[in-house]
Amino acid sequence: MTDQPELESLRAQVREWMEANAPRDWRDASRTQEDFVATQRSWFAKLVEGGFAIPHWPAEWPGGGRSLAEQKVIYEELARVDAPRLLLSFVSTYHAYATLHECASPEQKAKYLPRILEGETWCQGFSEPGAGSDLAALKCKAVREVRDGKEVYVINGQKVWSTMAQFADMCLLLVRTSSDGPKQAGITYLLMDMKTPGVSVSPIHQIQGDEEFAEIFLDNVVIPVEQRVGEEGKGWAVAQATLASERGLTLMELAYRMRGALSRVAELIRDNGLENDAGVLRDFGALVTQVDATCAIADRFLDNRIKGVERMGDASIVKNSYSRALRAYSLLGVRLGGMAEQYVKPITFGDLNTGNWMADFMNSYAWTIAGGSEEVQRNIIAERMLEMPREPKGWVL
Numbered sequence: 001m002t003d004q005p006e007l008e009s010l011r012a013q014v015r016e017w018m019e020a021n022a023p024r025d026w027r028d029a030s031r032t033q034e035d036f037v038a039t040q041r042s043w044f045a046k047l048v049e050g051g052f053a054i055p056h057w058p059a060e061w062p063g064g065g066r067s068l069a070e071q072k073v074i075y076e077e078l079a080r081v082d083a084p085r086l087l088l089s090f091v092s093t094y095h096a097y098a099t100l101h102e103c104a105s106p107e108q109k110a111k112y113l114p115r116i117l118e119g120e121t122w123c124q125g126f127s128e129p130g131a132g133s134d135l136a137a138l139k140c141k142a143v144r145e146v147r148d149g150k151e152v153y154v155i156n157g158q159k160v161w162s163t164m165a166q167f168a169d170m171c172l173l174l175v176r177t178s179s180d181g182p183k184q185a186g187i188t189y190l191l192m193d194m195k196t197p198g199v200s201v202s203p204i205h206q207i208q209g210d211e212e213f214a215e216i217f218l219d220n221v222v223i224p225v226e227q228r229v230g231e232e233g234k235g236w237a238v239a240q241a242t243l244a245s246e247r248g249l250t251l252m253e254l255a256y257r258m259r260g261a262l263s264r265v266a267e268l269i270r271d272n273g274l275e276n277d278a279g280v281l282r283d284f285g286a287l288v289t290q291v292d293a294t295c296a297i298a299d300r301f302l303d304n305r306i307k308g309v310e311r312m313g314d315a316s317i318v319k320n321s322y323s324r325a326l327r328a329y330s331l332l333g334v335r336l337g338g339m340a341e342q343y344v345k346p347i348t349f350g351d352l353n354t355g356n357w358m359a360d361f362m363n364s365y366a367w368t369i370a371g372g373s374e375e376v377q378r379n380i381i382a383e384r385m386l387e388m389p390r391e392p393k394g395w396v397l
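Numbering (full-length UniProt numbering), first residue to last: 1 to 397.
There's no promise every hint is true.
With beta-carbon atoms standing in for the labels, derived distance ranges [to be verified]:
1. Glu16 to Asp180: 54 to 64 Å
2. Ala266 to Ser202: 18 to 28 Å
3. Ser133 to Met312: 53 to 63 Å
4. Met339 to Leu7: 41 to 51 Å
5. Ser178 to Arg24: 50 to 60 Å
6. Gly279 to Thr196: 36 to 46 Å
7. Val225 to Asp299: 26 to 36 Å
8. Leu243 to Glu391: 15 to 25 Å
9. Ile369 to Arg390: 41 to 51 Å
10. Gly130 to Lys46: 17 to 27 Å
11. Ser202 to Tyr365: 41 to 51 Å
Worth flagging that the hints you see were computed from the coordinates, not collected in a lab.
Cβ atoms here follow ideal geometry from the backbone N, Cα and C, with glycine treated the same way.
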């Protein structure tokens, strides 16, 4: 479905459903981690029932088989009605799905994909203290052994920056099974049950009060060989399916949500009696323009993808545009709020535009790092789009 009348018919259908089913008080119901998780699980289950949770999955799944244009309509309506973002299930429905769908055995697909729709949550065990941007440098070790007549991997090591690992049931785990040859060659991809003995999770307390990320410690964790995805030592190729999973729609949704949240800045201006302050109105106008430009960039990116003319680096432009607009948005809120915004206030878990301006501002810095730092994105744009010379290896200032 790509014709405009059909898309508008879908939009009307989605809008009617969202108006009837989207929770209105979810921010007040997300003031603690426990309440946030309960809200997320409830909303995901409702979206699955309504057929709007996994439009990017194949048609045999509930609500699946949607074209990219149709998916765009659904995400626009989610943003318009200000429904909760699906944070708890994001790794499950995108990263885990992409990995299982493209690389897993038929038995693994049959076992795990239905459980995602039943609410099973996944986390990602990729980054390590010494392997972030250079992921191939990971050292988490897996030794293959035979125990009780079955072949298993015994895992020892540590993972970090794993999103919501403290709530996850399963983990997409990269381990090193060999140190021979290129560092990418010795990596193996495993599916790990988070309840396995020897797995411990430590949430990372962030500056604004959230605990979105966690460390995972693995102490003699035993994982059956049948939990491996792909061949031993070929996990790097499998990981590319995970890392390439859709993010264009997510960035578009975030940009549209920020546009809707501009009303909070306008409310702050009115509350502080600044409606006639020329400087404030100038800065607010500049912010509105910046956010509108980010939405336009995200729209063009998705339109190019729909037309099949996406370029390497297009997603990097959207990502950097959004992260800069998010910082400008929250910075203006902090400035307008004055001293009142310097005091500690309750945060809303799972939202980037909460109106708690200091918390939003501190959280905005994470978006210049998460999903590839701004500097990495600039390198991609420079080298892949502008065809500028690559930085020489071993170069120092």
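Hint-by-hint comparison with the structure:
no.	hint	verdict
1	Glu16 to Asp180: 54 to 64 Å	59 Å, holds
2	Ala266 to Ser202: 18 to 28 Å	41 Å, violated
3	Ser133 to Met312: 53 to 63 Å	18 Å, violated
4	Met339 to Leu7: 41 to 51 Å	48 Å, holds
5	Ser178 to Arg24: 50 to 60 Å	53 Å, holds
6	Gly279 to Thr196: 36 to 46 Å	58 Å, violated
7	Val225 to Asp299: 26 to 36 Å	46 Å, violated
8	Leu243 to Glu391: 15 to 25 Å	21 Å, holds
9	Ile369 to Arg390: 41 to 51 Å	22 Å, violated
10	Gly130 to Lys46: 17 to 27 Å	41 Å, violated
11	Ser202 to Tyr365: 41 to 51 Å	22 Å, violated
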